[in-house]
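Asks: Line by line, the protein sequences are chains R and D. Its first residue numbered -18, the first sequence is counted upward by one per residue in the numbering used here. Its first residue numbered 20, the second sequence is counted upward by one per residue in the numbering used here.
Because the hints were derived from the structure by calculation, they are not lab data. No residue lacks a Cβ here, since even glycine has one placed at the ideal position from N, Cα and C. Take the hints with a grain of salt, since some may be wrong.
[As the list claims (entries may be wrong)] Each computed BS3-like pair below joins lysine-lysine, with the alpha-carbon atoms no more than 30 Å apart:
#, chain 1, residue 1, chain 2, residue 2
1, D, K184, R, K81
2, R, K116, D, K207
3, D, K141, D, K159
4, D, K184, R, K132
5, R, K132, D, K141
6, R, K87, D, K205
7, D, K202, R, K130
8, R, K129, D, K309
9, D, K252, D, K114
10, D, K309, R, K130
11, R, K87, D, K207
12, D, K201, R, K130
13, D, K114, R, K129
14, R, K129, D, K165
15, R, K130, D, K165
16, R, K104, D, K294
17, D, K81, D, K309
18, R, K104, D, K207
19, D, K193, R, K132
[To be verified] Not close to chain R: a few residues of chain D, all C-beta gaps over 12 Å, as computed:
#, residue
20, Q191
21, T249
22, S277
[Unchecked claim] Only part of the chain D face toward chain R is listed, based on derived beta-carbon distances under 10 Å:
#, residue
23, E229
24, F269
25, Y275
26, Q282
27, Q302
28, N304
Spelled out, the chains give:
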Amino acid sequence: MKDLIRLKTERIFSICIYIFLLTIPFNLNAQTDWVRWEGKEISYELTPTHHHDYTLDKSSFGMTLFSVLRNTYYFFISDLDGDNCPFEPSCSAFFLQSIKETSIFKGTLMFSDRFTRDLNFFKGTDHYHLLASKKFSDPAYNYTLHSKKIKL
Amino acid sequence: MISKTQINKKILIAVFLIIIPLTSVNCQLTTDGNIFSLKNRLRFGNYLYKDQDYLRAADEFKEYLKSESNDTVVFRLANSYFQIGHYTEAADNFKGLFFGSQLSEEARLMFYESIFFQKDYKLFRSLTEENNFDSSLYNKDIERLKYISFFFDNTTLPDENTVLKSFPDTVQSKLLNFYQQKKFPKYKSITTSVILSTLIPGAGKIYTGEIGDGITSLIATGLTTYLAITNFKADHQFRGWLFSGLAAFFYAGNIYGSAASAQIYNARIQFNFDKEVRLFFEQRNYFLPKIDY
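Please model the complete structure; the sequences and the hints are all you need to start from.
Replies: Put into structure tokens, the structure is as follows:
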């Protein structure tokens, strides 16, 4: 009789240990009281979601000049305004890419077209691929008027 | 007195002692003492080939063929290269079976397939027209493959009846549809798009199906032009010129964008057509017989 009681006690004890072990991860992740009521410093500063590439393109004098202009725009406007361009590459990066791919004249026309498309409120995935970053893929090489460069 | 568990333990040890030497002898017998012997390489290669592990199977076959000559193994090596997309190596190896082999006919067909899948369709057609490696058994399949190749590049299509007669009746209507699409693609004219956008900003984009972009272009150009005119009328010269510049910027961009839009539209038509045609033929294995040895 004593043995039976001992055996049953041991079994119950082992089940308790097992349950305890099971609850350890929950206990570790549980919110403790003092954390819940702790006062927190809230910052309303917008954290940048992306970082601009400030490297200068030194392939030609014109490209260097445009890189400086782009960096100025990044520093004084874009970085403060936030990552708002719905396209990838952003309009400023697109402008530089299009100038590099074509010429200053054609690049400006490409940028003008991109800027107009950016103004369109109803742009969607029927014309652009949606990237993992939730931006529309719209590379400059698709607009150079060279059909072989187009990648869909 | 020996207990029952002790007897069981002794039996287990005895069985264990018998099995171990037996399995080692068995291993010895199966490996012939040399795991990398030619026979084993071939057996392992065949096993990998059956398991569709073509990359490793090719290695085993290559090692085997360094010392032995066997047409089936050469065929399997070539087919392994074919399966993993190494079409140049596949074609070279199939070529080795053209003469004096029982697999000559199959090798010829597979050779043409390898050239076809290299996507150099002009070379493929020139080879089929030269008739140097003609296959009496698979001539029709090779000819059919030649007509399929016309759908994949920009060469002018041969006569409709010539193309269609090589294919079974069940797919005639679908192929006729592809033929019409290839010959008369529903492209949008870049010139029309540009002219429309020159006359009415955004019209070219609407013509290519980019309605939202077209309307935006019209509003952007129209609004800046209106602002330029009103400012000039109110004698605000600076603002007048500023908005004139912006209007010109949007107007020029709209014309350029219309041309680009028409070109992208056409590229999309071509892309979708290529995708559909490729899928159609892939699903039917390009109307080729399945050859495997």
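Asks: Hint by hint, say whether it matches the structure.
Replies: Against the structure, the hints:
no. : hint            : verdict
1   : D:K184 / R:K81  : violated, 51 Å
2   : R:K116 / D:K207 : holds, 28 Å
3   : D:K141 / D:K159 : holds, 19 Å
4   : D:K184 / R:K132 : violated, 35 Å
5   : R:K132 / D:K141 : holds, 23 Å
6   : R:K87 / D:K205  : holds, 28 Å
7   : D:K202 / R:K130 : holds, 23 Å
8   : R:K129 / D:K309 : violated, 35 Å
9   : D:K252 / D:K114 : violated, 82 Å
10  : D:K309 / R:K130 : violated, 37 Å
11  : R:K87 / D:K207  : holds, 22 Å
12  : D:K201 / R:K130 : holds, 21 Å
13  : D:K114 / R:K129 : violated, 34 Å
14  : R:K129 / D:K165 : holds, 25 Å
15  : R:K130 / D:K165 : holds, 28 Å
16  : R:K104 / D:K294 : holds, 25 Å
17  : D:K81 / D:K309  : holds, 23 Å
18  : R:K104 / D:K207 : holds, 21 Å
19  : D:K193 / R:K132 : holds, 27 Å
20  : Q191            : holds, 30 Å
21  : T249            : holds, 21 Å
22  : S277            : violated, 9 Å
23  : E229            : holds, 7 Å
24  : F269            : holds, 6 Å
25  : Y275            : holds, 4 Å
26  : Q282            : holds, 6 Å
27  : Q302            : violated, 22 Å
28  : N304            : violated, 27 Å
When the structure is compared with the earlier hints, violations turn up for hints 1, 4, 8, 9, 10, 13, 22, 27, 28 and for no others.
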